[in-house]
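**Q** Quick note, the sequences are listed as chains A and B, same order.
Counting from 15, one number per residue, gives the positions in the first sequence under the numbering used here.
Counting from 15, one number per residue, gives the positions in the second sequence under the numbering used here.
Be aware that a few hints might be false.
Note that the list lumps identical chains together, so a pair holds whenever it fits in one copy or between two copies.
[To be verified] The calculated SDA-like cross-link candidates involving lysine to any residue, where the alpha carbons are at most 20 Å apart (straight line), are: (1) Lys-123 with Asn-86; (2) Lys-123 with Ser-161; (3) Lys-235 with Gly-195; (4) Lys-40 with Tyr-113; (5) Lys-103 with Lys-221; (6) Lys-110 with Gly-231; (7) Lys-164 with Asn-86; (8) Lys-110 with Asn-84; (9) Lys-221 with Gly-239; (10) Lys-110 with Asp-99.
Everything labelled a hint here was simulated from the structure, so no lab data went into it.
Number of protein chains: 2
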Amino acid sequence: MADQVQLFGVWGSFFGRRVEVALRLKGVQFEYVEEDLYNKSPSLLKYNPVHKKIPQRGPPDTRGDNMLHNGNPLAESLVILEYIDETWKHNPIFPKDPYERARARFWAKFIDEKLWPVVRKALGSKEEKEQREAIGETHEHLETLESELKEKKFFGGESWGYLDIAAMVIIWLGIAQEALGVEFIPKEKFPRLHKWQQRLVEDAVFKECVPPREKLGAFFKARFGSSAASK
Amino acid sequence: MADQVQLFGVWGSFFGRRVEVALRLKGVQFEYVEEDLYNKSPSLLKYNPVHKKIPQRGPPDTRGDNMLHNGNPLAESLVILEYIDETWKHNPIFPKDPYERARARFWAKFIDEKLWPVVRKALGSKEEKEQREAIGETHEHLETLESELKEKKFFGGESWGYLDIAAMVIIWLGIAQEALGVEFIPKEKFPRLHKWQQRLVEDAVFKECVPPREKLGAFFKARFGSSAASK
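With these hints in hand, go ahead and build the complete structure from the sequences.
**A** Rendered as structure tokens:
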């Protein structure tokens, strides 16, 4: 029986896009289902086995990173990336060496637990002071990642892998910078990350998974245009 | 060359104890170094390569779950558990099946990102209303875990594994309940979790890694005795 894979995503969210990148790299056929997080229809709730079988997480927790594989619901993009790599073993996204794997996992956690919360704050804050502080913290975390990247082409080395996928949010930051005119990730300050994201968006797989810059930019303007970020 | 392993822990923190459980299960020899999180000595900062090589996290982020293996620093107990299982492959702590592995990882994340923050709040809150709400949320999350445990002996099935180690905090909750006289995890409400933690504390490996109940209880009293929890 062929694998039945459904990805429940939100087009503008990098969480679901991470899963998409891994599925495309592995050549796994999947059906994409767009979720409307803020207006969940009763039928979505009823027929989406993810919401029935795992603790339902309302926005902003439900981030569009749920997957269904042969009837088995999965949630949390970082967990799903591990699952995909263990289930379809060709084109591995993890390094082989346990220590390198641990480093990749550590930095992916860092991105989700340290970087992402301050990025959210920097994007959505209504108060200028709070917003300035959040941008400052964003820069601090990006500096840490810039120095982890070193002179490598990708976090994964010569080719991209798990941590590059986890770090996709940095591409989003660049798009938000263009759209809102705010220096989230200034090129002069983060030359390595800038080149890195350039390599990623030119990659055949990533190209299909990053939303069109204009569309995502327009979304950022509509959603965050009135926040302190754009003043 | 024999493996050189150092565990930098805090005696009362379950984060470092998770690592200890895995090391003992694997029979890995290690040196235990007690960290004083709130009074880091200059020499600790200087000679602890973990703090030099990975972004330093001050309290409450530095949770006593750092390890050094043959000169390689590691941080974050859940990441270290994966590393230990990949480095010393006997007595595996993860299930074999990728879907079971994904479930275990999902619930471990749930414990750290959902359960632990409300437990912290329930323990430390100075306001009665806030504290009551935090206890309510703690119960909700414990109900979810109780129904995930089902009728199994351990989360890992017939024997304990990764998720049981991650869920150790529940033992801490039971000790806090005794010490502070607050119903964090009432027996009648959580019969399965109660039996589960009883099995764990009687286990030869866990017995060595859970601090003496009186000592941990006294710590809870000293630290949280003046909070709303104990009124």
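**Q** Which constraints among the numbered hints does this structure fail? Numbers only, ascending.
**A** Structure breaks hints 5, 6, 9.
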